[in-house]
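These protein sequence lines are chains A and B, in that order.
Numbering-wise (the working numbering), the first sequence opens with residue 1 and increments by one.
Numbering-wise (the working numbering), the second sequence opens with residue 1 and increments by one.
If you are wondering where the hints come from, they were derived from the structure by calculation, not from laboratory data.
Because the structure is a prediction, the values reported are computed rather than measured.
One or more hints might be untrue.
For identical chains, the list gives no copy identity; a pair is met inside one copy or between any two copies.
Calculated cross-link-like contacts (lysine-lysine; reagent style DSSO-like; alpha-carbon spacing at most 30 Å) [unchecked claim]:
{"hint": "1", "residue 1": "Lys-315", "residue 2": "Lys-283"}
{"hint": "2", "residue 1": "Lys-246", "residue 2": "Lys-17"}
{"hint": "3", "residue 1": "Lys-257", "residue 2": "Lys-28"}
{"hint": "4", "residue 1": "Lys-283", "residue 2": "Lys-171"}
{"hint": "5", "residue 1": "Lys-283", "residue 2": "Lys-78"}
2 protein chains.
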Amino acid sequence: MDVKEIWTNFIHDLQNKICSALEEVDGKATFFEDAWERPEGGGGKTRVIANGNVFEKGGVNTSIVFGDVTDAMRTQLKIEGDTWWACGLSLVLHPINPFVPTVHCNYRMFELCDSSPSGGGREGAVIDRWFGGGTDLTPYYLFEEDAKHFHQTYKNACDAFDVSFYPKFKKECDNYFVNWHRNAERRGIGGIFYDYQRVAPSSSPEGGKANAQPIPVKDADALYWIEFAKKCGYGFIDAYIPIVEKRKHTTYTVENKHWQEIRRGRYVEFNLVHDRGTLFGLKTNGRIESILMSLPPVVRFEYNYQPAFGSEEYKLQEACLNPRDWLNEISDAEREEWAKRSNTC
Amino acid sequence: MDVKEIWTNFIHDLQNKICSALEEVDGKATFFEDAWERPEGGGGKTRVIANGNVFEKGGVNTSIVFGDVTDAMRTQLKIEGDTWWACGLSLVLHPINPFVPTVHCNYRMFELCDSSPSGGGREGAVIDRWFGGGTDLTPYYLFEEDAKHFHQTYKNACDAFDVSFYPKFKKECDNYFVNWHRNAERRGIGGIFYDYQRVAPSSSPEGGKANAQPIPVKDADALYWIEFAKKCGYGFIDAYIPIVEKRKHTTYTVENKHWQEIRRGRYVEFNLVHDRGTLFGLKTNGRIESILMSLPPVVRFEYNYQPAFGSEEYKLQEACLNPRDWLNEISDAEREEWAKRSNTC
Numbered sequence: 001m002d003v004k005e006i007w008t009n010f011i012h013d014l015q016n017k018i019c020s021a022l023e024e025v026d027g028k029a030t031f032f033e034d035a036w037e038r039p040e041g042g043g044g045k046t047r048v049i050a051n052g053n054v055f056e057k058g059g060v061n062t063s064i065v066f067g068d069v070t071d072a073m074r075t076q077l078k079i080e081g082d083t084w085w086a087c088g089l090s091l092v093l094h095p096i097n098p099f100v101p102t103v104h105c106n107y108r109m110f111e112l113c114d115s116s117p118s119g120g121g122r123e124g125a126v127i128d129r130w131f132g133g134g135t136d137l138t139p140y141y142l143f144e145e146d147a148k149h150f151h152q153t154y155k156n157a158c159d160a161f162d163v164s165f166y167p168k169f170k171k172e173c174d175n176y177f178v179n180w181h182r183n184a185e186r187r188g189i190g191g192i193f194y195d196y197q198r199v200a201p202s203s204s205p206e207g208g209k210a211n212a213q214p215i216p217v218k219d220a221d222a223l224y225w226i227e228f229a230k231k232c233g234y235g236f237i238d239a240y241i242p243i244v245e246k247r248k249h250t251t252y253t254v255e256n257k258h259w260q261e262i263r264r265g266r267y268v269e270f271n272l273v274h275d276r277g278t279l280f281g282l283k284t285n286g287r288i289e290s291i292l293m294s295l296p297p298v299v300r301f302e303y304n305y306q307p308a309f310g311s312e313e314y315k316l317q318e319a320c321l322n323p324r325d326w327l328n329e330i331s332d333a334e335r336e337e338w339a340k341r342s343n344t345c
Numbered sequence: 001m002d003v004k005e006i007w008t009n010f011i012h013d014l015q016n017k018i019c020s021a022l023e024e025v026d027g028k029a030t031f032f033e034d035a036w037e038r039p040e041g042g043g044g045k046t047r048v049i050a051n052g053n054v055f056e057k058g059g060v061n062t063s064i065v066f067g068d069v070t071d072a073m074r075t076q077l078k079i080e081g082d083t084w085w086a087c088g089l090s091l092v093l094h095p096i097n098p099f100v101p102t103v104h105c106n107y108r109m110f111e112l113c114d115s116s117p118s119g120g121g122r123e124g125a126v127i128d129r130w131f132g133g134g135t136d137l138t139p140y141y142l143f144e145e146d147a148k149h150f151h152q153t154y155k156n157a158c159d160a161f162d163v164s165f166y167p168k169f170k171k172e173c174d175n176y177f178v179n180w181h182r183n184a185e186r187r188g189i190g191g192i193f194y195d196y197q198r199v200a201p202s203s204s205p206e207g208g209k210a211n212a213q214p215i216p217v218k219d220a221d222a223l224y225w226i227e228f229a230k231k232c233g234y235g236f237i238d239a240y241i242p243i244v245e246k247r248k249h250t251t252y253t254v255e256n257k258h259w260q261e262i263r264r265g266r267y268v269e270f271n272l273v274h275d276r277g278t279l280f281g282l283k284t285n286g287r288i289e290s291i292l293m294s295l296p297p298v299v300r301f302e303y304n305y306q307p308a309f310g311s312e313e314y315k316l317q318e319a320c321l322n323p324r325d326w327l328n329e330i331s332d333a334e335r336e337e338w339a340k341r342s343n344t345c
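Work out the full structure, taking the sequences as your base and the hints as a guide.
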């Protein structure tokens, strides 16, 4: 069994399924694929959508990259070993309609080996391997039922593995996508986010701890986290598409669009100032266009823009400043309604 | 004689004069002043212009800030002493018309003292003091005569002090405003940029060297750099306003505006990813709205946008990728023409 192959197949299948679902809900635009190779090793498939009925700009990218562990990586990333390998999917969608939320998701696997691959394709022993990922929603207007549906979908995915996951990963998400320079305003209303997952919770008392002492690398642990990524990754379709269906025909005004463009400015601020993945890519000769594909199509920066107290715009901003526990209030009726909707999409 | 007072008076006078000149050339919008105080010490006057005939968004800010040297400053900025004081002017102007260039300028003084101010207003001994500044131009379309005029104005200012300054500070500018992640594409066509200027060139063999061994702090050195900042600071009006006058009535198309918005994206990328001042402000509890005032009003990010080979847009991009020595080709006739124009504005 080859863990990398299982992961890679999943990532490419996820890319295909998500692109199909997005094209279907858009009804007009289709993805254009830009395949690229990286001189240092590996490459990717950048798939871009633009000027659709629903999506103004978006991308669903996969990449497989690898290389030698450099001194800079050893120092800055505190990485050991001789070679590294990484593969993941990353998507960002910026809809036209301000009532349809922007969404981001990312699932990735990282592996380190202690000796360089030999000429015959044989690779060195795996000395470390971890998984990360998550999905977060960035609405411009707050519909509580959408927020609850989105979070409930990921809670269900998490609960199928470990009931401790959703509260933990929800909190990690709330604490990651933060514009710290704006009084800790969140980019959106969160979702789940996890990183450095090495072992299955049942596999070791150290389970899931980042930076724990060296742990023997077991394929069984990898399979656990691959299954989890599958549940969450395919879950994206259930989490996001029904919200798009529900909001895509909502009438909007110039003022709604203006607010969307202002909020997109916050998205740019987070991605360029704080996002580890973006900054790592920009500073390590990553493929710029694939990295910056996440930036919104049209953005507005105004001096000291403040929404009117109590307005719908203000309510969204408040939800970003004060992350909420969306699922404490959910009713069974709401849950059933959303399940029905998800199944018919 | 109080160096800080001389500097502060200059900075406020410069703010007034530049704002007046900009309002005059705009002909419609006036500056709105937002005065603010900083809880840790000091404050500023943020002056904002928007929706004018010429300027879509802009600001001319001054601030005086001070405080105790923190452990973080000692480690990260390699600063010594007990208290610090800084005062400067910073401006960015984003015109509506894509044929009018965006411009940025900044002049600042920094001082460190070795003991905290006592209750009676007396301050500790000055242990270090330095000056920095510069002005750079970001056109969307390249007019060589504008580039030459802009650079010639600053060369003249520099030459009045030291003929080594212009080539040195021009190069520093070309090497500072760089989107390293885009194959070292410059933000614009440069200007001058200098930092850590402590001593007058005639004053010491160590003149102008950053991080040299401790140098006795002399007011004469400060006065030299204040005079230089005055020459460059007031020179902004001669350097920029004639270009605005010349281009502000140029007819433009939707395509020209689209290109301007794409290029503004590069401006955002530089300011949020690379600019030391912006990042320092964002990470040290600076006044966010004053710092991010530099961001353009409406910005466009498109996947892998490339101007057509040989087009006017392409020529501008080439000038950003390959900084040019604008003044090697300047003719006397051009110089006279610009001098005449500057004097009549």
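ask   = For Lys-257 vs Lys-28, is the C-alpha pair at or below 30 Å within one copy, between two copies, both, or neither?
value = both (21 Å within a copy, 27 Å between copies)
message = As a check of your reading, is Lys-315 near Lys-283 (CA-CA no more than 30 Å) within one copy, between copies, both or neither?
response = For Lys-315 and Lys-283, the Cα distance is within 30 Å only across copies (27 Å; inside one copy 37 Å).
query = Is it within a copy, between copies, both, or neither that the alpha carbon of Lys-246 lies no farther than 30 Å from that of Lys-17?
reply = For Lys-246 and Lys-17, only the intra-copy Cα distance (20 Å) is at most 30 Å; the inter-copy one is 55 Å.
ask   = When no copy is named, should Lys-283 and Lys-78 be tagged within, between, both, or neither for a Cα gap of at most 30 Å?
value = Both ways: Lys-283 and Lys-78 sit 16 Å apart in one copy and 23 Å across, limit 30 Å.
ask   = Between copies, within a copy, both or neither: which fits Lys-283 and Lys-171 at Cα up to 30 Å?
value = both (28 Å within a copy, 23 Å between copies)
Hint compliance for this structure: every hint is met.
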